[in-house]
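Enquirer: Let the sequences and hints guide you as you build the complete structure.
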Amino acid sequence: EAGVVQSPRYKIIEKKQPVAFWCNPISGHNTLYWYLQNLGQGPELLIRYENEEAVDDSQLPKDRFSAERLKGVDSTLKIQPAKLEDSAVYLCASSLEGQLSYEQYFGPGTRLTVT
Amino acid sequence: GDSVTQMEGPVTLSEEAFLTINCTYTATGYPSLFWYVQYPGEGLQLLLKATKADDKGSNKGFEATYRKETTSFHLEKGSVQVSDSAVYFCALSDQNTDKLIFGTGTRLQVFP
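Protein chains in written order, with this note's numbering: chain A, 1189 to 1303; chain B, 1041 to 1152.
Keep in mind that the hints were calculated from the coordinates and are not lab data.
For each residue, glycine too, the CB sits at the ideal point set by N, CA and C.
Treat the hints with care, as some may be off.
Claimed, not checked - Residues from chain A shown here face chain B by an in silico Cβ test under 10 angstroms; the list is partial:
no.: 1; residue: 1190
no.: 2; residue: 1191
no.: 3; residue: 1192
no.: 4; residue: 1210
no.: 5; residue: 1221
no.: 6; residue: 1228
no.: 7; residue: 1229
no.: 8; residue: 1232
no.: 9; residue: 1236
no.: 10; residue: 1279
no.: 11; residue: 1288
no.: 12; residue: 1289
no.: 13; residue: 1290
no.: 14; residue: 1294
Expert: Dropping the structure here:
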């Protein structure tokens, strides 16, 4: 069974440019999470989806970050415009509907470098 | 708010040495506690869990006991292997929101 797929794995952009990350969850997983992991820190939740609905986006900086999961399957996280401090690893995770949060499966992440 | 504090790394050990990675937490209520492991180039994986006081989680030779009196969940392994080299994250699940809160991670390096 394929795990959570994220692309690209690495991205380098200049500040003020837009960037997008893509995540394809495990087949059948209704719940999808995006996390931010700064260097030397643990992951922090940005947004959680149940199917197409964002049920927790309280930690998403909405002035520059946006996310979508239009068909309730794959998801895109966008930053526009990027800032130097956005350099981090962006993790995606998924789980079956109704499962507790610890039962989620993580992707390998996208490492973003903003120069 | 809830938080997790774990020892800074890297922890460097020789193969077959005893491992302890300390983790303490601050939480209201009764959280569940977890250890996750991140191998190079891979996503985080749940290593073990404990859902109530005095529970012991175990997996792959690793153990951790939920100590409510000391608010701790230290990770231990009696004999580490080179293949255990990874970053280990302690985490708790908030009782009310079911949100995972992670520590900063501890890198373990095991040398032959």
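Enquirer: Does the interface hint hold: is residue 1232 (chain A) within less than 10 angstroms of chain B, judged Cβ to Cβ?
Expert: holds (8 angstroms)
Enquirer: Going by Cβ atoms only, is residue 1279 (chain A) closer than 10 angstroms to chain B?
Expert: holds (7 angstroms)
Enquirer: Take the shortest C-beta to C-beta distance between residue 1192 (chain A) and chain B; is it under 10 angstroms?
Expert: At about 6 angstroms, which falls below the 10 angstroms cut-off, the nearest Cβ of chain B leaves the hint on residue 1192 (chain A) intact, so it holds.
Enquirer: Have a go at the residue 1294 (chain A) hint: is there a Cβ in chain B nearer than 10 angstroms to its own Cβ?
Expert: holds (3 angstroms)
Enquirer: Measuring from the C-beta of residue 1210 (chain A) to each C-beta in chain B, is the shortest one below 10 angstroms?
Expert: The hint is violated - residue 1210 (chain A) has no Cβ within 10 angstroms of chain B, the shortest such distance being about 15 angstroms.
Enquirer: Hold the hint about residue 1289 (chain A) up to the distance rule: shortest CB distance to chain B must be less than 10 angstroms.
Expert: Result: holds, 5 angstroms to nearest chain B Cβ.
Enquirer: Can you verify the interface hint for residue 1288 (chain A): is its Cβ closer than 10 angstroms to any Cβ in chain B?
Expert: holds (6 angstroms)
Enquirer: Can you verify the interface hint for residue 1190 (chain A): is its Cβ closer than 10 angstroms to any Cβ in chain B?
Expert: Because about 12 angstroms separates residue 1190 (chain A) from the closest Cβ in chain B, which is outside the 10 angstroms limit, the hint is violated.
Enquirer: With 10 angstroms as the cut and Cβ atoms as the points, is residue 1221 (chain A) at the interface with chain B?
Expert: holds (9 angstroms)
Enquirer: Double-check residue 1228 (chain A) for me: the hint is only fine if its C-beta lies closer than 10 angstroms to a C-beta in chain B.
Expert: At about 6 angstroms, which falls below the 10 angstroms cut-off, the nearest Cβ of chain B leaves the hint on residue 1228 (chain A) intact, so it holds.
Enquirer: Given residue 1290 (chain A) was flagged as interface, is its beta-carbon under 10 angstroms from a beta-carbon of chain B?
Expert: Hint on residue 1290 (chain A): holds, closest Cβ of chain B at ~5 angstroms, below 10 angstroms.
Enquirer: Min Cβ distance, residue 1229 (chain A) to chain B: is it shorter than 10 angstroms?
Expert: Interface hint status for residue 1229 (chain A): holds (5 angstroms vs cutoff 10 angstroms).
When held up to the earlier numbered hints, the structure conflicts with 1, 4 and fits the remainder.
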